[in-house]
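*Asks:* Read off the chains here:
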Amino acid sequence: MTDEEFSNWLSREVASKDMTQSQMDDLLQQKALFVRELGKPDSPLRDPYRLKIVGYVAEHRRIDTSIHKLLDDAKQKFPGRMIYFEPIGFDLF
Amino acid sequence: MPDNLAPPSWDAAQRRPHQGGQAKGYDKGGLSVSVSVEWMADTGAELSVVTKDVAKNFNLAPVGGSASGTTGGGGIIIKSGMEMEFEVFDSAGKVVPITSSLDVGVKPNNDGSEILGVDAIDTAGAVIEWDPGTLTGRLRQP
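Top to bottom, those sequences are chains A and B.
Numbering-wise (the numbering used here), the first sequence opens with residue 65 and increments by one.
Numbering-wise (the numbering used here), the second sequence opens with residue 8 and increments by one.
If we strip away everything but chain A, and leave its shape as in the complex, we get:
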């Protein structure tokens, strides 16, 4: 999914009141930080995180091998904030 497709999807979520504007802005901000620090999918900057899920929440990088542990950790440490994540070197489904 391209950046534009992702952003458009979030905009539709906001329009249908399934997400707030601030949640959308937060998620896109974390996504931008992810890309700034780890680059695009073929970037060697991602190599150390292979087979892990890397997330950014509240401007903090979080790493786990379990998506639910990553989410639970984010919710516990940064309640109300959105986490942007990508699995490195594998797909979630």
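Note that these hints are calculated values from the structure, not bench results.
Small disclaimer: the values here were computed from a predicted structure and weren't measured.
For every residue, glycine included, the Cβ atom is placed at its ideal position computed from N, Cα and C.
Hints may contain errors.
What the hints assert, rightly or not - Computed beta-carbon distance windows for the label pairs:
1. Tyr113/A <-> Thr143/B: 38 to 44 Å
2. Ser41/B <-> Gly144/A: 25 to 31 Å
3. Glu123/A <-> Asp118/B: 32 to 38 Å
4. Pro105/A <-> Ser108/B: 29 to 35 Å
5. Ser108/B <-> Pro108/A: 38 to 44 Å
Fit chain B to the known structure of chain A by using the hints.
*Replies:* What follows is chain B alone, placed relative to chain A:
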């Protein structure tokens, strides 16, 4: 032991294991909502995922998201507030109803099945057995 997995109702020849169940939650007005779904038991899925139209029945809280990380390159939004109901057999073959409250992924579209991932199967303490030749199988607790 009997079976609780089968091809989906819309395609009896499909070789992937499905089970009828429910997605439950509350709508935006606070009313309880239950939607019938056919879960596809997917050992290749780290988390359970529902389509856009199933998710829109509920008032779900977004937790996060990703623009990649799915087969085919699709994105996903993670949301809380929906329960997945399905069933497994216990070691004696008795039906055990399971309710999972784990966060779910929401697809940007209605492509593919509602996915019962290994997260929910693990929550149930179950294993999956599936014979793609006979199109029979089961989720069961060892």
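*Asks:* Each hint needs a verdict: does it hold in this structure or not?
*Replies:* For each hint, the structure was consulted:
no., hint, in the structure
1, Tyr113/A <-> Thr143/B: 38 to 44 Å, "holds, 40 Å"
2, Ser41/B <-> Gly144/A: 25 to 31 Å, "holds, 28 Å"
3, Glu123/A <-> Asp118/B: 32 to 38 Å, "holds, 33 Å"
4, Pro105/A <-> Ser108/B: 29 to 35 Å, "holds, 32 Å"
5, Ser108/B <-> Pro108/A: 38 to 44 Å, "holds, 39 Å"
Violated hints are absent here; each numbered hint is respected by the structure.
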